[in-house]
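In case you want the letters, here they are:
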Amino acid sequence: MHDVAIVGAGPAGMAGALQLARAGLSVVVIDEQARAGGQIFRRPPEEFGVRHGQYRPYGWARDLIEDFEEHPLIETRFRQTVFGILRDPEGQISLAVSDGQRGTRIKARRVLLATGAYDMPVAFPGWTLPGVMTAGAVQSLLKSQKLLAGRQIVVAGSHPIQLILAAQLLEAGADLAAIALARDLPGFLEMARTLPAIPGNVSIFTEALRAMAVIARHRVPLLRRTLISAVEQTGEGPLRISLRKVDAQWRPVGTAREFEADVLALGYGFTPSTELARQAGCALSWHSAGGGWTVQHDDNFRTGVQEIFVAGEQTGVAGAGRAHAEGLVAGQAIAHSLGVGADPLEVNRAQALLKSSERFAGVMQTMFEPNRTALADLSHHSATVICRCEEITSGQLEDALTCNPFLTSASAAKLECRTGMGVCQGRYCEGTVAARIAMHHNTQIAQAGHFNAHLPVKPVPLGAYGDLDH
Amino acid sequence: MANFHRLPVARGRPVRFTFEGAPVDSFAGETLATALLAAQVGAFGHTREGNPRLPFCNMGTCFDCAVQVDGRGLVRACLTDVVEGMVVNMQEIK
Ligand SMILES: Cc1cc2nc3c(=O)[nH]c(=O)nc-3n(C[C@H](O)[C@H](O)[C@H](O)COP(=O)(O)OP(=O)(O)OC[C@H]3O[C@@H](n4cnc5c(N)ncnc54)[C@H](O)[C@@H]3O)c2cc1C
Numbered sequence: 001m002h003d004v005a006i007v008g009a010g011p012a013g014m015a016g017a018l019q020l021a022r023a024g025l026s027v028v029v030i031d032e033q034a035r036a037g038g039q040i041f042r043r044p045p046e047e048f049g050v051r052h053g054q055y056r057p058y059g060w061a062r063d064l065i066e067d068f069e070e071h072p073l074i075e076t077r078f079r080q081t082v083f084g085i086l087r088d089p090e091g092q093i094s095l096a097v098s099d100g101q102r103g104t105r106i107k108a109r110r111v112l113l114a115t116g117a118y119d120m121p122v123a124f125p126g127w128t129l130p131g132v133m134t135a136g137a138v139q140s141l142l143k144s145q146k147l148l149a150g151r152q153i154v155v156a157g158s159h160p161i162q163l164i165l166a167a168q169l170l171e172a173g174a175d176l177a178a179i180a181l182a183r184d185l186p187g188f189l190e191m192a193r194t195l196p197a198i199p200g201n202v203s204i205f206t207e208a209l210r211a212m213a214v215i216a217r218h219r220v221p222l223l224r225r226t227l228i229s230a231v232e233q234t235g236e237g238p239l240r241i242s243l244r245k246v247d248a249q250w251r252p253v254g255t256a257r258e259f260e261a262d263v264l265a266l267g268y269g270f271t272p273s274t275e276l277a278r279q280a281g282c283a284l285s286w287h288s289a290g291g292g293w294t295v296q297h298d299d300n301f302r303t304g305v306q307e308i309f310v311a312g313e314q315t316g317v318a319g320a321g322r323a324h325a326e327g328l329v330a331g332q333a334i335a336h337s338l339g340v341g342a343d344p345l346e347v348n349r350a351q352a353l354l355k356s357s358e359r360f361a362g363v364m365q366t367m368f369e370p371n372r373t374a375l376a377d378l379s380h381h382s383a384t385v386i387c388r389c390e391e392i393t394s395g396q397l398e399d400a401l402t403c404n405p406f407l408t409s410a411s412a413a414k415l416e417c418r419t420g421m422g423v424c425q426g427r428y429c430e431g432t433v434a435a436r437i438a439m440h441h442n443t444q445i446a447q448a449g450h451f452n453a454h455l456p457v458k459p460v461p462l463g464a465y466g467d468l469d470h
Numbered sequence: 001m002a003n004f005h006r007l008p009v010a011r012g013r014p015v016r017f018t019f020e021g022a023p024v025d026s027f028a029g030e031t032l033a034t035a036l037l038a039a040q041v042g043a044f045g046h047t048r049e050g051n052p053r054l055p056f057c058n059m060g061t062c063f064d065c066a067v068q069v070d071g072r073g074l075v076r077a078c079l080t081d082v083v084e085g086m087v088v089n090m091q092e093i094k
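As given, the protein sequences belong to chains L and P, one line each in that order.
So that you can map any letter, position 99 of the first sequence is 99 in the numbering used here, and since no number is skipped, the others follow by simple counting.
So that you can map any letter, position 30 of the second sequence is 30 in the numbering used here, and since no number is skipped, the others follow by simple counting.
Simulated from the structure, these hints should not be mistaken for lab results.
There could be a bad hint or two in this list.
What the hints assert, rightly or not - Where chain L lies over chain P, by a calculated footprint (3+ residues, C-beta under 8 Å): (1) 16–26; (2) 37–48; (3) 52–62; (4) 71–77; (5) 82–88.
Don't be surprised by glycine CBs; every beta carbon is placed ideally from N, CA and C.
Could you build the full structure based on these sequences and the hints that come with them?
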């Protein structure tokens, strides 16, 4: 039995693990990826002969990763998936873990969920075509696998990370046909203006501004107030990507312009990965600017389930600095809950980081909140796929809504028309389904609720279950 | 038509495996997703309705990159490294 089991080795999980290990507690960290770092610090594999990747502008990343990898009290289990949280009849909590073939049960006195976030899915005609990818996919292939996705690429989205991605692609030799940003550039200028107000937390903004210079130098069309509307492909030909001018509310004005590319990289925001928290019974709350459904917690990052704590993007997507700070504070709180006090200097440092990152996160979130209604509007055409796995279309969802006036929740829609029943377990349709229900009934998205998560939260071989009994 | 290509950096030693019976050359440290994309594979599998799928998220959440590896189904290519002699097939009906 470990003192603490941590799910996720991103900035939040690593920071938490180090606080706990330094307090003398035994920690096990499980992550599906091959190495520590999480989404933001994805780095090349060891076989490529390098230890580190590019962490700019996060100066603290290198030390964090090295300290984490070298601490003797931290046990790591990479390439393993936590597929559920269990409680045995004696009340002992444990993680159900699969390595892809076998299962194991990891018991711990406390659990820290630091599972991060994924690119927010947006359904529109053609979003399931091969070559349409999330910005995170295109970026991680480049950063960690040194694979450039396509010669000709279109980048479309609304988050400042799109600019950073565009610059990274250009510097790697890609040809960008266009960069389409749903918002106006003033958003980004405002961003520049807020910089001096938030010392120490300017990283992502400064990177975005640096990226704009690279984009200008390469003379890539930077289309403002322009939203994706559809993608088509004939045979093995290029993707034909329609981009449409929108107003300040992201409503279409004028006709679409078509661009050809091999790959379309989409980035309208991030969705917190809350499935383990849901399955374990932690309460969620709706926070649109924070990415949608976030996990409820107290000032110590403890959830309603008393052994379970959360840190990082699941409390609201707010960037690497914030995830790091939350990991520190959560780690200290967990140590405290196990009767181990922390060094007062460390506590002060963590609290100070948390406070400054909070202001930054607030600015960032309100400035870049996606317009969920406008995005869900892109899915209205009846043939548009909403659930990628089960291939449930907009028309099927609309029929279900029309035939069942009492169908007012995402969960009910799942039962009624199978959307969300596939292998991704609803991660890629929940947001669209909820927004469409809200539009249909003229209510708020939050009222449509969220899907429930069950064991296994990610599909695992049947054998992995059987092993849990031992 | 996708057009993925490797940047010229140091990679691991050569690794050969098969996809749908045909040999694929790759390098140690690469994921199956990278190796298959670099080989310009047009589909990692198909949906119930026969539509092709390529990786979408590359971070383990979407399952669009799922393939069959040595007879095991629903293996995420983005989280699985290439291994010499691995037998990889499309994941039909995800
Ligand atoms: C593609 C992408 C690019 C981003 N770029 C930036 C950026 O430039 N600047 C910025 O400030 N923020 C960026 N973000 C936001 C980013 O998520 C955070 O800044 C930061 O990585 C969050 O840290 P975290 O520790 O909360 O989660 P993450 O870094 O996402 O780490 C979570 C880890 O948990 C693992 N995990 C999740 N579920 C399971 C499970 N069930 N079993 C096993 N392991 C699991 C994942 O594999 C992952 O490694 C980006 C996010 C993404 C997705």
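Assertion that chain L covers the stretch 37–48 of chain P - criterion: three or more residues, beta-carbon distance below 8 Å: holds (count 6)
Coverage of the stretch 82–88 of chain P by chain L (three or more Cβ within 8 Å): With 0 residues close enough to chain L, the hint is violated.
Check of the stretch 16–26 of chain P against chain L for coverage (Cβ-Cβ below 8 Å, three residues minimum): It is violated, with 0 qualifying residues against the three required.
Annotated coverage of the stretch 52–62 of chain P by chain L, confirmed only when three residues or more have a Cβ within 8 Å: It holds, with 11 qualifying residues against the three required.
Coverage of the stretch 71–77 of chain P by chain L (three or more Cβ within 8 Å): The restraint on the stretch 71–77 of chain P holds, since 3 of its residues have a Cβ under 8 Å from chain L and three suffice.
Figure legend: structure checked against the earlier numbered hints; hints not met, in rising order: 1 and 5.
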